[in-house]
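Chemist: Residues per chain, in single letters:
Number of protein chains: 4
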Amino acid sequence: MTDAATAVDHGHHGYITDKDKYLNRMKRIEGQARGIHKMVEDEKYCIDILTQISALTSALEAVAVGLLDDHLRHCVVDAARLGGAEADAKITEATQAIARLVR
Amino acid sequence: MTDAATAVDHGHHGYITDKDKYLNRMKRIEGQARGIHKMVEDEKYCIDILTQISALTSALEAVAVGLLDDHLRHCVVDAARLGGAEADAKITEATQAIARLVR
Amino acid sequence: MTDAATAVDHGHHGYITDKDKYLNRMKRIEGQARGIHKMVEDEKYCIDILTQISALTSALEAVAVGLLDDHLRHCVVDAARLGGAEADAKITEATQAIARLVR
Amino acid sequence: MTDAATAVDHGHHGYITDKDKYLNRMKRIEGQARGIHKMVEDEKYCIDILTQISALTSALEAVAVGLLDDHLRHCVVDAARLGGAEADAKITEATQAIARLVR
Chain A
1 MTDAATAVDH
11 GHHGYITDKD
21 KYLNRMKRIE
31 GQARGIHKMV
41 EDEKYCIDIL
51 TQISALTSAL
61 EAVAVGLLDD
71 HLRHCVVDAA
81 RLGGAEADAK
91 ITEATQAIAR
101 LVR
Chain B
104 MTDAATAVDH
114 GHHGYITDKD
124 KYLNRMKRIE
134 GQARGIHKMV
144 EDEKYCIDIL
154 TQISALTSAL
164 EAVAVGLLDD
174 HLRHCVVDAA
184 RLGGAEADAK
194 ITEATQAIAR
204 LVR
Chain C
207 MTDAATAVDH
217 GHHGYITDKD
227 KYLNRMKRIE
237 GQARGIHKMV
247 EDEKYCIDIL
257 TQISALTSAL
267 EAVAVGLLDD
277 HLRHCVVDAA
287 RLGGAEADAK
297 ITEATQAIAR
307 LVR
Chain D
310 MTDAATAVDH
320 GHHGYITDKD
330 KYLNRMKRIE
340 GQARGIHKMV
350 EDEKYCIDIL
360 TQISALTSAL
370 EAVAVGLLDD
380 HLRHCVVDAA
390 RLGGAEADAK
400 ITEATQAIAR
410 LVR
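Protein chains in written order, with this note's numbering: chain A, 1 to 103; chain B, 104 to 206; chain C, 207 to 309; chain D, 310 to 412.
It cannot be assumed that every hint is accurate.
Said to hold, decoys possible - Straight-line distance between alpha carbons at most 27 Å, and here's what the computed BS3-like set of lysine-lysine pairs gives:
#, chain 1, residue 1, chain 2, residue 2
1, B, K141, A, K19
2, C, K227, D, K347
3, B, K141, A, K44
4, C, K250, D, K347
5, B, K124, B, K141
Unchecked claim - If you want the ones that stay clear, here's a sample from chain D, every Cβ over 10 Å from chain C, calculated:
#, residue
6, K328
7, A373
8, D387
9, L391
10, G393
11, A394
12, E395
13, D397
Keep in mind that the hints were calculated from the coordinates and are not lab data. Cβ coordinates follow ideal geometry from the N, Cα and C atoms, glycine included.
One chain only, chain A, in its complex shape (with noise of 0.2 Å):
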């Protein structure tokens, strides 16, 4: 699967050097939301359930930078040797996830 020339096989997106970082961190994401889960069913204090929201959305917010910075050190970067029409499909494809980031 780290092999490049399978992964052009499969289709696959060039950021698999930090894959297991992003699983790792994405497992992570997965137990804070459930850990707010169990907090609601337990009534815990609305003011700790809303420091637990804002840490699980600060940790979306990395992995949401990381994957971006791996999308433009990659897909864009290769798109922009090739230059033309798809150099700018993939830019303008960049900065309207962005600006759903940023919002």
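Fit chains B, C and D to the supplied structure of chain A, relying on the hints for placement.
Modeler: Then chains B, C and D, alone, in the frame of chain A:
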């Protein structure tokens, strides 16, 4: 624990009327987090993962704003009626939670 | 206008104690906006402009959270003491403002 | 200053095609900031001020995303074509700017 009388006995925090709604939303959020983990595992296209992260972040913000509304409506209003230092402390606590959400 | 008695006569909104602080902050924010305009005019480096925009956004968020704190502390607490439909309406209004800030 | 040749001579940064659009937006943003200052001075209703702050923040975010799009489209694409350490440094710089916007 879902019995309102018991809840009062245990000093629970007054948002029990909407508890099922929040539990359902948190279940859905856990599912979204699991879905993003799977997308990373399957090396889905980065931009599609970012779209799902934005959706999850929005869902979390909606839960946070809902909980905050309940909190203002119950705890803060109760404290306001008592007045004095406790009312002040509750507002400060709520504002700090809002600041963490707004960033 | 900075006279508390006059403020009460005109149905003002209770955050007059911190008015100078907010006026100073807004003056600084206007200056920051002018500075960014000048940076665009002088075609400064894009990343440096973005840094200034982030700083301005943070300054605005701090003003918003401060105003919201004052609002909860005065209008919402007053309404809570009266109770009933007006207290409910004030909380709903505050929550909607928070939702717009959190997005 | 709107002459592309001049821009190049002065080491300008490539987003000159949209310069008037950004100058106009920043002019409007300055006006919005002045309007909020006036609302505080006149002690307008807190919630109405918060609404204007949310509008101003959104306008700033739109400018930031637009500038970032231009930056990716020009500086980053140029660096990508050159490749190597400079391309990497440009991406890192852009990602850090995005992280500050997303927070």
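Chemist: Each hint should be assessed against the structure and marked as holding or not.
Modeler: Hint check results:
1. K141(B) to K19(A): Given that 27 Å is the threshold and the Cα spacing comes to 11 Å, the pair holds.
2. K227(C) to K347(D): Within the cut-off at roughly 14 Å; holds.
3. K141(B) to K44(A): violated (30 Å)
4. K250(C) to K347(D): violated (30 Å)
5. K124(B) to K141(B): holds (26 Å)
6. K328: violated (7 Å)
7. A373: The claim is violated: A373(D) sits with its nearest Cβ about 5 Å from chain C, within 10 Å.
8. D387: Check passes; 12 Å lies beyond 10 Å.
9. L391: Per Cβ check, L391(D) is outside 10 Å of chain C; nearest 17 Å; holds.
10. G393: Holds, because the least Cβ-Cβ distance between G393(D) and chain C comes to about 19 Å, which exceeds 10 Å.
11. A394: Since the minimum Cβ distance to chain C is about 17 Å, A394(D) lies beyond 10 Å and the statement holds.
12. E395: holds (14 Å)
13. D397: D397(D) is indeed farther than 10 Å from all Cβ atoms of chain C, at 15 Å.
Of the numbered hints listed earlier, those contradicted by the structure are 3, 4, 6 and 7.
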